[in-house]
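Chains as they are written, first to last, in my numbering: chain R, 1 to 203; chain F, 1 to 203.
Just so you know, these hints were derived from the structure itself, not from any lab. Check before you lean on any hint, since a few could be wrong.
Intra- or inter-copy, both count: the list cannot distinguish identical chains.
As the list claims (entries may be wrong) - No farther apart than 25 Å at their CA atoms in a straight line, the calculated lysine to any residue pairs in the SDA-like style are these:
{"no.": "1", "residue 1": "Lys135", "residue 2": "Gly111"}
{"no.": "2", "residue 1": "Lys63", "residue 2": "Glu154"}
{"no.": "3", "residue 1": "Lys63", "residue 2": "Glu44"}
{"no.": "4", "residue 1": "Lys135", "residue 2": "Glu38"}
{"no.": "5", "residue 1": "Lys135", "residue 2": "Phe172"}
{"no.": "6", "residue 1": "Lys135", "residue 2": "Thr41"}
{"no.": "7", "residue 1": "Lys63", "residue 2": "Gly50"}
{"no.": "8", "residue 1": "Lys63", "residue 2": "Glu181"}
All values reported here derive from a predicted model rather than from experimental measurement.
There are 2 protein chains.
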Amino acid sequence: MSVADITVILAAMGRWEPNAQGRLEQAAMELFSERGYEQTTVVEIAERAGLTERTFFRHYSDKREVLFGGSTHFRENFVGTLAAAPASLTALEAVTAAVEAAGAALDEFRGREFARTRQRVIVANPELRERELIKLADVTAGMAEALRARGVEEPEASMTAELGMAAFRVAFERWLAAAEERELPDLITEALASVAATVRPGG
Amino acid sequence: MSVADITVILAAMGRWEPNAQGRLEQAAMELFSERGYEQTTVVEIAERAGLTERTFFRHYSDKREVLFGGSTHFRENFVGTLAAAPASLTALEAVTAAVEAAGAALDEFRGREFARTRQRVIVANPELRERELIKLADVTAGMAEALRARGVEEPEASMTAELGMAAFRVAFERWLAAAEERELPDLITEALASVAATVRPGG
Chain R
1 MSVADITVIL
11 AAMGRWEPNA
21 QGRLEQAAME
31 LFSERGYEQT
41 TVVEIAERAG
51 LTERTFFRHY
61 SDKREVLFGG
71 STHFRENFVG
81 TLAAAPASLT
91 ALEAVTAAVE
101 AAGAALDEFR
111 GREFARTRQR
121 VIVANPELRE
131 RELIKLADVT
141 AGMAEALRAR
151 GVEEPEASMT
161 AELGMAAFRV
171 AFERWLAAAE
181 ERELPDLITE
191 ALASVAATVR
201 PGG
Chain F
1 MSVADITVIL
11 AAMGRWEPNA
21 QGRLEQAAME
31 LFSERGYEQT
41 TVVEIAERAG
51 LTERTFFRHY
61 SDKREVLFGG
71 STHFRENFVG
81 TLAAAPASLT
91 ALEAVTAAVE
101 AAGAALDEFR
111 GREFARTRQR
121 VIVANPELRE
131 RELIKLADVT
141 AGMAEALRAR
151 GVEEPEASMT
161 AELGMAAFRV
171 AFERWLAAAE
181 ERELPDLITE
191 ALASVAATVR
201 PGG
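The shape of chain R in the complex, shown without the other chains (with noise of 0.2 Å):
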């Protein structure tokens, strides 16, 4: 028996399903995108996906997961990267290799065509997007603490913690934008210079 044999025969049982992560979650894009979130079920994600609604909740709670599954990393991201910085970087220095590492893994994990399917269908939806400031914020206080760890004081903390969120939020929203061809970690990089560019007397 062959691995092709062994593989019809799991999918026969509803056991095996290649990439099905990867499959739901290109199947809710899609049904978000045509019909909108709150008309679209998980039965009909399941099955544009050619996988069982079980399979669906092996991989997620519910359909907003599709869009939030991701929110771990997305902190770990950030945080792990901040708490990971070199004791001798100041606290600018380690906030932007952090929110730089996030970008850069953002920019890898489904690239921008993704992204920009992800914030459509969130922007036209408030529950959503309400979800997706709290999923900020969450992160922006995680980075703010991290400093703190390194004995950064407040409200210097805080403020850089925002800072490097704000550059992220800035920097992705020009990312998404349609004529935008420049890549997500040069985005950050200038928008943080440009809060350099902002602060030095005169600028």
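Dock chain F against the given chain R, drawing on the hints supplied.
Chain F only, in chain R's frame:
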């Protein structure tokens, strides 16, 4: 017939409600604190204020509006001040003026104790917390737009607006802390100064 007589008659007719809005606000805050936002009804708020439900709806469209009724003024303090700032100011100076003006207005408007109670109610309820985050995000977008209207380019316009709102939020949170005695505008100034410190090379 004296003014006092007229007041009594109008009150009996349910048409004269001295400081109805303030009384409804006070009653709502008490009830939200005592039994929670979700467990409080409009009827109960009106009753506690010694007013009718109809009077409530002359002032607010629903109980959430008691907490967010000042949003238009809040936004105007930021965006209006920024739009009216002298053209000679840099982007950061104009944003600083706007955020300090908004802080001073908030300090005077209801004062710290009111803000503390309101914040406790908001933090305890995800829907309200999300509404608050959206309010702040909208004001930030308004400030960025006002800066672009002044000829500030992107990403500097967005980053300077984000910076101003971050200073406001960080200062606001500290202002509400139990042990904090300094005034909001002073805390805003300190937060903005800490950014200049962190951005300075070697800072």
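Now the hints, each set against the structure:
1. With identical chains, the CA atoms of Lys135 and Gly111 are at most 25 Å apart within one copy only, with a shortest distance of 20 Å there and 30 Å across copies.
2. Taking the closest pair of Cα atoms, Lys63 and Glu154 never come within 25 Å of each other, the shortest separation being 39 Å inside a single copy and 35 Å across copies.
3. In this assembly of identical chains, Lys63 and Glu44 lie within 25 Å of each other by CA distance solely inside one copy; the values are 11 Å within and 37 Å between copies.
4. Taking the closest pair of Cα atoms, Lys135 and Glu38 come within 25 Å of each other both inside a single copy (20 Å) and across two copies (23 Å).
5. For the homomeric pair Lys135 and Phe172, the shortest alpha-carbon distances inside one copy (15 Å) and between copies (20 Å) are both at most 25 Å.
6. Taking the shortest alpha-carbon separations for Lys135 and Thr41, only the intra-copy value of 24 Å comes in at or below 25 Å, while the best inter-copy value is 30 Å.
7. Taking identical chains as interchangeable, the C-alpha atoms of Lys63 and Gly50 lie at most 25 Å apart only when both belong to the same chain, with a minimum of 16 Å there against 46 Å between chains.
8. Within a single copy, Lys63 and Glu181 get their C-alpha atoms no closer than 31 Å, and across copies no closer than 46 Å, so neither meets the 25 Å cut-off.
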